[in-house]
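Chemist: Modelling step: build the complete structure from the supplied sequences, incorporating the hints.
Protein chains in written order, with full-length UniProt numbering: chain B, 1 to 263; chain L, 1 to 248.
For the record, the hints were derived by calculation from the structure and aren't laboratory data.
Any given hint could turn out to be false.
Said to hold, decoys possible - Here are some chain L residues the structure puts well away from chain B; computed CB gaps all over 10 angstroms:
| no. | residue |
| --- | --- |
| 1 | Q65 |
| 2 | N148 |
| 3 | L179 |
Unchecked claim - Derived coverage of chain L by chain B (criterion: at least 3 residues anywhere in the stretch with Cβ under 8 angstroms from a Cβ of chain B; other residues may be distant):
| no. | region |
| --- | --- |
| 4 | 128-138 |
| 5 | 199-210 |
Unchecked claim - Calculated pairs, DSS-like style, for lysine-lysine (alpha carbon to alpha carbon, straight line, at most 30 angstroms):
| no. | chain 1 | residue 1 | chain 2 | residue 2 |
| --- | --- | --- | --- | --- |
| 6 | L | K174 | L | K38 |
| 7 | B | K166 | L | K123 |
| 8 | B | K56 | B | K166 |
| 9 | L | K38 | B | K168 |
| 10 | B | K177 | L | K211 |
| 11 | L | K38 | B | K108 |
| 12 | B | K235 | L | K75 |
| 13 | B | K166 | L | K68 |
| 14 | L | K224 | B | K170 |
| 15 | B | K108 | L | K174 |
| 16 | B | K235 | L | K87 |
| 17 | B | K170 | B | K71 |
| 18 | B | K177 | L | K68 |
| 19 | L | K68 | L | K216 |
| 20 | B | K95 | B | K168 |
| 21 | B | K29 | B | K235 |
| 22 | L | K87 | B | K93 |
| 23 | L | K38 | B | K177 |
| 24 | B | K71 | L | K174 |
| 25 | B | K237 | L | K75 |
Beta carbons: idealized from backbone N, C-alpha and C, even for Gly.
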Amino acid sequence: MSLVAEAFVSQIAATEPWPENATLYQQLKGEQILLSDNAASLAVQAFLQMCNLPVKVVCRANAEYMSPSGKVPFIHVGNQVVSELGPIVQFVKAKGHSLSDGLDEVQKAEMKAYMELVNNMLLTAELYLQWCDEATVGEITHARYGSPYPWPLNHILAYQKQWEVKRKMKAIGWGNKTLDQVLEDVDQCCQALSQRLGTQPYFFNKQPTELDALVFGHLYTILTTQLTNDELSEKVKNYSNLLAFCRRIEQHYFEDRGKGRLS
Amino acid sequence: MAAPLELSCWGGGWGLPSIHSESLVVMAYAKFSGAPLKVSFIDNTWRGSRGDVPILTTEDNTVSQPAKILNFLRKQKYNADYELSAKQGADTLAYIALLEEKLLPAVLHTFWVESDNYFTVTKPWFASRIPFPLSLILPGRMSRGALNRILLTRGEPPLYRVQEVEAQIYRDAKECLNLLSNRLGTSQFFFGDTPSTLDAYVFGFLAPLYKVRFPKVQLQEHLKQLSNLCRFCDDILDSYFRLSLGDG
Numbered sequence: 001m002s003l004v005a006e007a008f009v010s011q012i013a014a015t016e017p018w019p020e021n022a023t024l025y026q027q028l029k030g031e032q033i034l035l036s037d038n039a040a041s042l043a044v045q046a047f048l049q050m051c052n053l054p055v056k057v058v059c060r061a062n063a064e065y066m067s068p069s070g071k072v073p074f075i076h077v078g079n080q081v082v083s084e085l086g087p088i089v090q091f092v093k094a095k096g097h098s099l100s101d102g103l104d105e106v107q108k109a110e111m112k113a114y115m116e117l118v119n120n121m122l123l124t125a126e127l128y129l130q131w132c133d134e135a136t137v138g139e140i141t142h143a144r145y146g147s148p149y150p151w152p153l154n155h156i157l158a159y160q161k162q163w164e165v166k167r168k169m170k171a172i173g174w175g176n177k178t179l180d181q182v183l184e185d186v187d188q189c190c191q192a193l194s195q196r197l198g199t200q201p202y203f204f205n206k207q208p209t210e211l212d213a214l215v216f217g218h219l220y221t222i223l224t225t226q227l228t229n230d231e232l233s234e235k236v237k238n239y240s241n242l243l244a245f246c247r248r249i250e251q252h253y254f255e256d257r258g259k260g261r262l263s
Numbered sequence: 001m002a003a004p005l006e007l008s009c010w011g012g013g014w015g016l017p018s019i020h021s022e023s024l025v026v027m028a029y030a031k032f033s034g035a036p037l038k039v040s041f042i043d044n045t046w047r048g049s050r051g052d053v054p055i056l057t058t059e060d061n062t063v064s065q066p067a068k069i070l071n072f073l074r075k076q077k078y079n080a081d082y083e084l085s086a087k088q089g090a091d092t093l094a095y096i097a098l099l100e101e102k103l104l105p106a107v108l109h110t111f112w113v114e115s116d117n118y119f120t121v122t123k124p125w126f127a128s129r130i131p132f133p134l135s136l137i138l139p140g141r142m143s144r145g146a147l148n149r150i151l152l153t154r155g156e157p158p159l160y161r162v163q164e165v166e167a168q169i170y171r172d173a174k175e176c177l178n179l180l181s182n183r184l185g186t187s188q189f190f191f192g193d194t195p196s197t198l199d200a201y202v203f204g205f206l207a208p209l210y211k212v213r214f215p216k217v218q219l220q221e222h223l224k225q226l227s228n229l230c231r232f233c234d235d236i237l238d239s240y241f242r243l244s245l246g247d248g
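Modeler: Right under this line is the structure:
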């Protein structure tokens, strides 16, 4: 968004309170959604729960195309549509709700750095596993990604997306990595997160922030998604404080609020 | 370490031992950790390879890419992070990710995509260090690679064109510089009094931006206003690179 458009949207956002009928759009949960998109969607849902803002989750097969930036999830609030965690956090802040106001400058810098770490390593590793690892692509990704569409569209769309992701991987230097190297990187990232979390309940002690939402979204999805093998979730399971962290957020923000267990 | 470690990288200018960020990161880390590196600069003879620079060669190994080279040096017991706590080690990874996501696109843009800068500074400099006729092809390829990387990682809809992406990436880069400045504060290095991996990375990314003279300098101007980051770069140059500038 250009600077002027962003300022304009912020102004409009600030004037209206959060409506009751806010909706979050993602792809079909059972058959279509992929690991990385599910993680992103869960992160946003966790963030909104932490801010105490009600939102209804709606599944649509063409959610990716409805989104203004091409990425899921996106939220429809009032007459505005905002996609991806970063812009959603800013949008929610313009409406007067923020989780990171209590942090000082150095802590805010740390929070941003750790969010970039998760995006840089975990998200990229998830994309790599989904689209560049032949076993997973053949067995899971192609079938799921194209499931709502008739032949031959399902194949065409899946191949197109795979080509796009592979291009991106090559541009950032991940094109030549093997699966083992990628899993090494995931392990390093989890180790860093585990060391930062330590024995605290959340990353910035007592209160959760958007970083907690993002980490929860990714780790929970990795732990609960069935892939061709368990190597990815094993890497996360090595760190018991991360497991406890996920359980804590799930219990506190999803089960206790009557939303029931996340499937 | 008995076997000599030889690093092949792009040369220097404007007071820097190298103007290539990744090469500079490795050189700085080697100085901090005391690794005896023999640095050979790429020149316009046909000796040595130019792809994937910087490259570390030992007797039986060739390692490329800064992260892998640093790992290799650590395994050889040249560890600049010896005194860091676990949390500081984790912070290092996070800040490096921040640099790569937020600052690198703008640095690449300033060097390789911005036409004034590219045609007057970057291209002549690199072309003079690459043998003919490769000098006609390689800089263009590096420039296209940089543009590709920026567009693929940041140019997602609705920002399709470079101009729209530009505003966003420069804004992110300025914010990143502000965050680094806040984090550094008044200390000499990021983690206390001895330099570590994070200092090497920050130095590697910031020093070329700080020192190289460009026609279009918006990011450089912003950096110059953050006096503690400038002081940080100057300190490292003075303490660790002053003596070797004579051969640079």
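Chemist: So, for every hint listed, does it hold in this structure?
Modeler: Outcome of the hint check:
no.	hint	result
1	Q65	violated, 7 angstroms
2	N148	violated, 5 angstroms
3	L179	violated, 4 angstroms
4	128-138	violated (count 0)
5	199-210	violated (count 0)
6	L:K174 <-> L:K38	violated, 35 angstroms
7	B:K166 <-> L:K123	holds, 29 angstroms
8	B:K56 <-> B:K166	violated, 33 angstroms
9	L:K38 <-> B:K168	violated, 35 angstroms
10	B:K177 <-> L:K211	violated, 34 angstroms
11	L:K38 <-> B:K108	violated, 40 angstroms
12	B:K235 <-> L:K75	holds, 23 angstroms
13	B:K166 <-> L:K68	holds, 22 angstroms
14	L:K224 <-> B:K170	violated, 34 angstroms
15	B:K108 <-> L:K174	holds, 15 angstroms
16	B:K235 <-> L:K87	holds, 19 angstroms
17	B:K170 <-> B:K71	holds, 20 angstroms
18	B:K177 <-> L:K68	holds, 12 angstroms
19	L:K68 <-> L:K216	violated, 33 angstroms
20	B:K95 <-> B:K168	violated, 34 angstroms
21	B:K29 <-> B:K235	holds, 25 angstroms
22	L:K87 <-> B:K93	holds, 29 angstroms
23	L:K38 <-> B:K177	holds, 28 angstroms
24	B:K71 <-> L:K174	holds, 25 angstroms
25	B:K237 <-> L:K75	holds, 26 angstroms
The structure fails hints 1, 2, 3, 4, 5, 6, 8, 9, 10, 11, 14, 19, 20 (numbered hints given earlier, in ascending order).
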